[in-house]
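So the chains spell out like this:
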Amino acid sequence: MRSYLKMYSLLLAVIMIAGCGRPEGGSSRVVLQNKGSDTLVNVAQAWAEAYQTVNPAIAIAVTGGGSGTGIASLINGTVDIANASRQIKESEATTMAEAGQAPVEFIVGYDALAIFLHEDNPIQEMSVEQLREIYVDGGSLERWSQLGVTVPGCSSDEIIRISRQNNSGTYAYFREAVLDEGDFKLGSRDMHGSKDVVDLVMNTACAIGYSGLAYATDEIHMPCVIADGSEECVFPTVETAIDATYPIARPLFMYTAGQPEGAVAEYLQWILSSEGQCIILAKGYAPADTVDCSPASM
Amino acid sequence: MSDTVIQEGRLDRRDVSWFVDKTVQVLMFVGGISAVIFIVGIFVFVGKEGFSFLFEGFSFTEFFGSINWRPTSENNQTFGALALIVGTASVTGMAMLVAIPFSLGAAIYIGEFATGKTRESLKILVELLAAIPSVVWGFIGLTIMNGIIIDLFDIPIGLNVLNAGIILGLMAAPIMTTIAEDALKAVPDKYREAAEAMGATKWQMIRQVVLPAAKNGLVSAVLLGIGRGFGETMAVLMASGHSINIPGSPFDSVRALTATIAAELGETAVGSDHYGALFTLGIFLFIITFLINLTADLVVKGIRKK
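Taken in order, these protein sequences are the chains called A and B. All residue numbers for the first sequence refer to this note's numbering, where the first residue is 1 and numbers rise by one. All residue numbers for the second sequence refer to this note's numbering, where the first residue is 1 and numbers rise by one.
Chain A extracted, bound-state conformation (with noise of 0.2 Å):
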């Protein structure tokens, strides 16, 4: 009986020893933290996935989790490139000004906020009035007669909004952008990812959402938008959004906590030279300037 302890604790202390000795990670690689916005989630992993090719010895590793989730990383110094699909707050910015760490900022690219209908939704264009009207606190539009619609398999004829919870950089720029800063109309269903949005408002015929144009699918209807005092009715494309007539359009941010140096520098550089921007381009947002992403010019 002695003896098998006297094995069993021989045992043990040969597992702990080895536990402790063993190396941590030898290889000279560098990791590269970007975190942020679920809105440049996808692009940010192509990137990433894209640069391994450009210069193997960075891996980027990528995580979504919200604009304001990355920036609060990149505060806590946990990161070293935050995303973002909104411009960092002032009181955000402060809090790094004084730990000696001025946030930079670079637009990576521009994002369409589409307008999501159900496909049987009748509605061909939109003025951001009447978005006003069905989202702000206080607005006048609660059903689809009052303008001047009759949605098939909507009997009830209720609009029924659809948002994003209230710390996502998609809600805050829909504020900004639509809201005229007012506050959202209580009872939306706030979603919790573009994704869940879009997946809603297919399934729901009374149903009305925003998101980044990059969510769009097949089996979803987007209305052209008309801005205030503008007569033009303007469908949300990548070309739209880059010549700005797309009255709800946002620059997509990336932030570094100071000047970047070294690798990090090198991957921000890559990211706005053409062939970072054709990556972009792909994935359904805007790039930051005109490229050429024509077979030939590559």
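It is worth saying that the hints were derived from the structure and are not from the lab. There could be a bad hint or two in this list.
Restricting the straight-line Cα-Cα distance to at most 20 Å, the calculated cross-link-like pairs of lysine to any residue (SDA-like) are [stated by the list, open to error]: (1) A:Lys185 <-> B:Lys202; (2) A:Lys89 <-> B:Ser73; (3) A:Lys185 <-> B:Val86; (4) B:Lys202 <-> B:Phe113; (5) A:Lys185 <-> B:Gly248; (6) A:Lys195 <-> B:Ile140; (7) A:Lys195 <-> B:Ile144.
Got chain A; can you put chain B on it based on the hints?
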């Protein structure tokens, strides 16, 4: 003589088994008190984060009397949790309407009627139901139940109290069944034998002898189910519609306390009013769940005293 000396010496010797004995003793002790340490630790942490808000920005009447939950508003931040509290309560209430008949029926069948293989396989199946992750339940609510409810009741959207209540009821049923069945098993067989000897039918025996005798255990099963309902997060977040609203019917969307914390905490700046308000919701949930579990415990203790 020399023999006894050696014997005594052996008793005091600090050999390997003595150390093993002591080590195991310490490990057991640590294991035993760790639950207490964790609970106290969690309470201190949640309290610490929430108290800054509780003593500064907190307004009792707004928190419990207003439905205006606008934590990220630019010009008028308000923290009214009434709609969230009503939302959690209504979903849990609906869940109990679903779970009580199911779990009580299942417990009576497993405990009193089923025998042999049927009984064993049923018990395993019920426990298997408890092993389904809540995000899977939520996904069923979001995709399958949503469509079914829209078609069945001809309403615009199927993410509502009914959907979340059914999902939550099915989630709470396994644990309620297991506890209710234990309560029925705790009723001594001599009660049943006496009832049968008096000529009672099986139904009469269950209704008039076994159920009243197991009453406390059954009540605590229901209370634990309610506690489960209050605490469940993911499935409720996905199936309830996550909409700030005082429900007027089971077909209205609502938002639960837990779901609000889950959806918003990840992107809130640490130390802000919003952060503190979410932890205040956490304190409130903690107190409610604690009270429910305490009541369940006291009810069960009530049986043992008899």
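To see whether the hints hold, each was checked on the structure:
1. For the hint linking lysine 185 (chain A) to lysine 202 (chain B), the alpha-carbon distance of about 57 Å lies beyond 20 Å, and the restraint is violated.
2. Proximity of lysine 89 (chain A) to serine 73 (chain B) is assessed by CA-CA distance (about 13 Å); at most 20 Å being required, the pair is judged to hold.
3. Distance check on the hinted pair: lysine 185 (chain A) and valine 86 (chain B) sit about 19 Å apart at the alpha-carbon level, within 20 Å; holds.
4. Proposed proximity of lysine 202 (chain B) and phenylalanine 113 (chain B) is supported: the alpha carbons are some 9 Å apart, at most 20 Å.
5. At roughly 18 Å between alpha-carbon atoms, lysine 185 (chain A) and glycine 248 (chain B) fall within 20 Å of each other, so this suggested pair holds.
6. In summary, the hint linking lysine 195 (chain A) to isoleucine 140 (chain B) is supported, as the alpha carbons are separated by about 16 Å, within the 20 Å threshold.
7. For a cut-off of 20 Å, the pair hint linking lysine 195 (chain A) to isoleucine 144 (chain B) stands: about 17 Å separates their Cα positions.
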